[in-house]
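Given only the sequences and the hints, what does the whole structure look like? Please build it.
One-letter residues, chain by chain:
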Amino acid sequence: MDKLSKENKEYLIKRNTNEYEVVIGLEVHAQVLSESKLFSTSPTKFGSEPNTQVSLVDAAFPGMLPVINEFCIKQAIKTGIGLNAKINKKSIFDRKNYFYADLPQGYQISQYKNPIVGEGTVTLDLPNGEKKIGIERLHLEQDAGKSIHDIDPNNTLVDLNRSGVALMEIVSKPDLRSLDEVNSYIKKLRSIMRYLGTCDGNMQEGSLRADVNVSVRKKGSKELGTRCEIKNVNSIKFMQMAIDYEANRQVDVIEEGGSIDQETRLFDTKKNETRSMRSKEDAHDYRYFPDPDLLPLELDENFINDIKKNIPELPDEKKKRFIEKFKLSPYEANILVSDIDTSKYFEEVSKNSDVKLATNWITGELFALLNEKNLEITESPISSKNLSKLINLIKKGTISGKIAKTIFELMSDGDKDPEKIVEEKGLKQQSDPKELEKIIDKIISENPKNVELYKSGKDKLFGFFVGQVMKSSGGKANPQLVNEILKKKLN
Amino acid sequence: MSNIIDLKLFELVEKIKKKEISSTEVTKAFIDRSQKSKKLNSYITENFENALQKAKQFDEKPDFNKKLPSIPLAVKDLFCTKNIRTTAGSKILENFIPTYESTVTQNILNEGGIIIGKLNCDEFAMGSSNETSFFGNVQNPISENLVPGGSSGGSSSALAAKLTPATIGTDTGGSIRQPASFTGTVGLKPTYGSCSRYGIVAFASSLDQAGPMTQNVKDCALMLEVISSYDNKDSTSVDFKRGQYLKDLNENIKGKKIGIPKQYRVDGMPKEIDELWKKGMKIIEDNGGEIIEINLPNTNYALPTYYIVAPAEASSNLARYDGVKYGFRSKGENLIDMYEKTRSEGFGDEVKRRIMIGTYVLSSGYYDAYYLKAQKVRRLIKNDFDEAYKKVDAILTPSTPSSAFKIGEKTNDPVSMYLNDIFTVPINLAGLPAISIPAGHDKSGYPLGLQVIGKAFDEQNILNIAYSIEKNINFKNNINDWWIN
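Protein chains in written order, with this note's numbering: chain X, 2 to 492; chain D, 974 to 1458.
Cut-off 25 Å, straight-line C-alpha distance, at most; resulting in silico cross-link-like pairs (DSS-like, lysine-lysine):
| id | chain 1 | residue 1 | chain 2 | residue 2 |
| --- | --- | --- | --- | --- |
| 1 | D | K1349 | X | K91 |
| 2 | X | K75 | X | K90 |
| 3 | D | K1206 | X | K46 |
| 4 | X | K97 | D | K1314 |
| 5 | X | K90 | D | K1206 |
None of these hints come from the bench; they were simulated from the model.
So, in structure tokens, the structure goes:
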């Protein structure tokens, strides 16, 4: 009864003699990065005092009307372009009608039949190669407010700060097949949106949440199984846990001769299980209809083209460029481009120093340091400017790689200039051949036995002499020169 | 000066500008008469003291450059007015005091107007007789126990009774023109998009439009000039060049082609209405206009279409009155129970009826058959007018198929009540401007109106045609102040 077949790259669930494939589709809700809300001028700042970011429109006062925020439209178009998707020149805002205390209008303004963005693709970089995931659509909608049930024992309190904030719902095709793919997909979406500046991707603040559609089918089957939708999961880890639980639950039902009911489920993060929320029969009738307060959104070709012209280099293109121009491996390129801030840092360092060394130092020492201190690269204690200086010192032979590591540590305390550290601590590499010869001669004369042994064929002793020279120079001797001179003297 | 209330709006403006009368005198006169006229129940909320103060302030520091220099006006209680209670005729907003001003009333304030009160109306403007108001029936000053029309019934009553020199209403299916017709006054529904809907309690968003209600066409032109404006707070507001309706008002209709739609001759229509219509045609011809028979083949479908589209939008627009944020709230066991009790107790029967119809026609499985089909028919109705306007400049019809009826006469028969809007509803569906002007009386002496329908944004043209008819038809309202002891 083992749940996961880990050795296989495929994510399959085995029961008895049957193998099941898991089919996953995601509806990601990404908060649009925007100063003000989708249909009002209220600010969107996260973490403000309850009900301080609310206009009369957001609270649905009588006679208040929505007015489209053009910036949010541009953000959605940008994102659509980043998803290689079709931008629809005409889209329509609809009302999704339902009653809830944190939904002041009694309806959510969303896009139903005519979304602003149509089909597109996202490319995943998986260990065994690339995989394309289809995008069904992207539409704009308002977020609801927040109901708080645990402050007042007798009443539910409502905070409308989020009411009316713009969300992009990005719906994938059911193309995902494993927990790793889900992880990679969310990260890639997040990366693209952060490159574009259309969503900060902050899952802790709820800027990125997802409804997860899961179904299972016997391996090899072409037909899709009946799906269940798990609502509002807010971290990649929880998505993976929810999918794993839900897929296994479905397999169990089928193996026991049952069938899957199409339903909406909730993921309980404490119990690590999904629970039925409502069945298809109980599904809300949202009575969608075009919002008569808003005219259809018609986009000009030029308006779209202007946005296209200003799209920055996105992770896929950047990766390609890094591989071609800098001769990085796809693996290295991936690491450096996946986060926009890392890629920025890398480009700043490598602009003024050796690319190969920059790659190694960033993915090695710097990442280790950031990990240890639990910092984002934007908070790095070592600036890109000083790291490139350090790399140049290595490249010029002013310091050895070993000394560089010591200097790196010193730099991390208050972003110190490596050139100054070298000067102050006298860590400059000994590269004067005459000085080195003096040291080497001394070592040779002090170790006649080993010289003899070396000459008689014990090549390994060469390392001994290098070590002695380095030791006597306090680690500052230029290792390359030491090698050269030693070889000359000993042979 | 006992005759202040008999002055037309434009005369009041002139006299104030010439300093022949003060704003305080004018305001006092209308307030005095309003206070003597409580029996009409035209007002929901009075703002008399505040208005008098404003008038005094104006007299101390007058600004005669305004179009309505300190003119006291009462307005329909569907317009949100800052710091003045706004109820929409409903219990659910019985104690609602907005912190904001509708664009239309703001335009009035900007031009110097003073709000003396909020006028009764059908609940959420749903009705044709002002009988659905939570604040009670309104009497038509024409005769006791006669409805003033609806939904702008408080407005038509107050205007005809001279409690206000002019007023504004809203018109979703005839709510300005029908009450104007029932009270012998002038009412204009502008082109959809001419007046901002910002701050007007919504009934049916794609049909609602504010408009002037006045004693005569000249006042109507003046009021339209004041209230019509482009407003970026309303996405359906249209940025067209608005005319100088008053300055450009003239009675010359020589060469104008006026269409007469044969579909507006309905069975059972009183003989007087047909005669009145013919009289209107004759005046047009006498003044150099040309009468052309036209075809509006989908007219019959207008009423059923309207009674799908309007309730559908209303069912959604009224969802915000849920007891959570403002307005009336009833205690409930839980959220759902609170919703049910609040809305059951807060809304009246007609509103509930329309919410139910609207919810039904939008439901999955019925949407295509009702709402979607209605939208298609709406397009056909609009096309009918587009076709007609290839041949004519405007269209002349009766405003209503009957004169005012008795209070209570139709309250138990919603369909017969709905039929009252048969001549006005198609115009809202097509988004066109139309004006109703008083043109004669039926055998009981109740007023009857004629409707002039125009092309979109062609308000000046229908004002001119109405002006020409008004000058030649010699209508006089018979009001004997029966309600004043």
